[in-house]
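Enquirer: For reference, the chains in residue letters:
2 protein chains.
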Amino acid sequence: MRQVKLLSATLAVLAMTSIVAKPADDITPPSGYRSWFHVNTMVVDKASPLFASLGGMHNVHVNTVGEAALKTGGPYPDGTIFVTDLHDFSVSDGSYVMGPRKALAVMVKDAQKYATTGGWGFQLFAGGDPKKPMVTDATKQCFECHMPQKTQDYVYSTYIE
Amino acid sequence: MRQVKLLSATLAVLAMTSIVAKPADDITPPSGYRSWFHVNTMVVDKASPLFASLGGMHNVHVNTVGEAALKTGGPYPDGTIFVTDLHDFSVSDGSYVMGPRKALAVMVKDAQKYATTGGWGFQLFAGGDPKKPMVTDATKQCFECHMPQKTQDYVYSTYIE
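Sequences listed follow chains G and E, in order.
Residue numbering for the first sequence follows my numbering, starting at 635 and increasing by one per position.
Residue numbering for the second sequence follows my numbering, starting at 635 and increasing by one per position.
One or more hints might be untrue.
For chains that are exact copies, the list does not tell them apart, and a pair is met inside one copy or across any two.
[Unchecked claim] With a straight-line cut-off of 30 Å between C-alpha atoms, the simulated BS3-like cross-links for lysine-lysine are: (1) K747 with K680; (2) K765 with K705; (3) K705 with K747; (4) K766 with K705; (5) K784 with K705; (6) K680 with K774.
Simulated from the structure, these hints should not be mistaken for laboratory data.
Source: prediction; values computed, not measured.
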C-alpha cells in the first residue's frame, strides 16, 4: 500500500510537468547507483491506473549515507540519496523481463538547502538523461505527495530484509 | 527469452532436490550482495508454468570481480559471484509489491575447483538461510541447464544499460 502511495506521488511528478512555478533543483543523476543498496523492486503493470504514466519496473537504491536510516525508518542524514531506476518490461510466458530505462527519479537530502520541501531535493530524468530533467516545481510535483510520510522523513520506501 | 531459460534452469534446481549424487559445494551466502551491481529484475507471475516453484521477484546482482565481464558477455574471472535474491510479492491495484525473501541462488566462478561444471559452483539457499542449502548435485540440478549458455560462460543474465 505504501508502495502504491509512492507511485501516486511519482505519478504527480509526471502529470504535473506542465506546471512551472519554481526553478528546478540543481540535481544531476548520480553515478554508480546500481551498486548502491538495493531497497526494493515494484512493478506497475497494465492493470494499474498508473500504467500509462508509470508502467514499468521500479528498482529503488539508497547510497551508503542513508543505509542505516533506512533500516530504522529515518530520519535521514544530509547527503542521503535515493534513486528509482525505472525500466520498461515485456511479458514472456508469464514472466516479466526487464527492458530499457524509462526514467531515473532522484531524492537528495539537504536539510538547509531544501528546507521548503522537507529537506529533500527532487528530480526526475526522462530516460535517465541528465539533459532531460522533468521537475520544474518540486513542491507541487513532488513534496506535496510526500508530505503524508512525514513520520518516515517523507520517504515511502521501507526496509525489506 | 533468455530470462525464461534461466528460470527453467533454476526450476530444475528446485525440482530435483531429491536427487543425491554428488556432495553439495561448500558455498555460503555472500554478505553485502545487495550493494553489488544490480544486473536485472525478473518477475515470475501466476500465469507462468514456473510459478509454483519459482514465483516471485528475482533480483540478480554481480560482485565487482565480475562487473566488467558482464558488460562484455563474459568470460568471467575467478572470484566472480552472481546472486539471485528471490522474494515473494503481492499485487495491489495492478502494482506488484515486494515481500519477504524466498531464496538466494548463488553462482561462484573458480575454473579449477568447479572444472566439471563449467568452472562454476552453484548453490541455492531456501529463505536465504545458510543452513538450508538445496543443491546436492550441481551437475544435474544446475549445470546441465546452464550448458546451452556456453558462449556466455554459462551465464543467462545479460547487461541492460
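Enquirer: Each hint should be assessed against the structure and marked as holding or not.
Expert: Here is how each hint holds up against the structure:
1. K747 with K680: neither (38 Å within a copy, 46 Å between copies)
2. K765 with K705: between (33 Å within a copy, 25 Å between copies)
3. K705 with K747: within (25 Å within a copy, 38 Å between copies)
4. K766 with K705: Between copies, since 25 Å is at most 30 Å while 32 Å is not.
5. K784 with K705: Classified as within; 16 Å inside a copy, 40 Å across copies.
6. K680 with K774: within (26 Å within a copy, 38 Å between copies)
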